[in-house]
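Asks: Sequence:
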Amino acid sequence: LTLAEVQEVQTRLTKAGFDTGGTDGRVGNDTMKAVKDFQTKTGLLPADGYAGLKVLARLRQGS
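Counting in my numbering, the sequence shown runs from 82 upward without gaps.
None of these hints come from the bench; they were simulated from the model.
It is possible that part of the hints are untrue.
[To be verified] Once the Cα atoms are required to be at most 16 Å apart in a straight line, the calculated EDC-like pairs of lysine to aspartate or glutamate come out as:
1) Lys117 x Asp100
2) Lys135 x Asp118
3) Lys135 x Glu89
4) Lys122 x Asp105
When you get a sec, could you build the whole thing from the sequences and use the hints?
Replies: See the structure below:
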């Protein structure tokens, strides 16, 4: 993902109640944990904490 896409993932996760530790565009431990928790909650497997295109698409759907 681009920097802007990572920031979008962080912003959308934060709005959905997942703590990313900020929206700096860097995928640190907090963002990875938030992504993993989101993946687990929404059944997006594998829940690996990787903020990829599937995660971004699911967040854009509002799921």
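Asks: All hints, please: hold or fail.
Replies: Outcome of the hint check:
{"no.": "1", "hint": "Lys117 x Asp100", "result": "holds, 11 Å"}
{"no.": "2", "hint": "Lys135 x Asp118", "result": "holds, 14 Å"}
{"no.": "3", "hint": "Lys135 x Glu89", "result": "holds, 13 Å"}
{"no.": "4", "hint": "Lys122 x Asp105", "result": "violated, 24 Å"}
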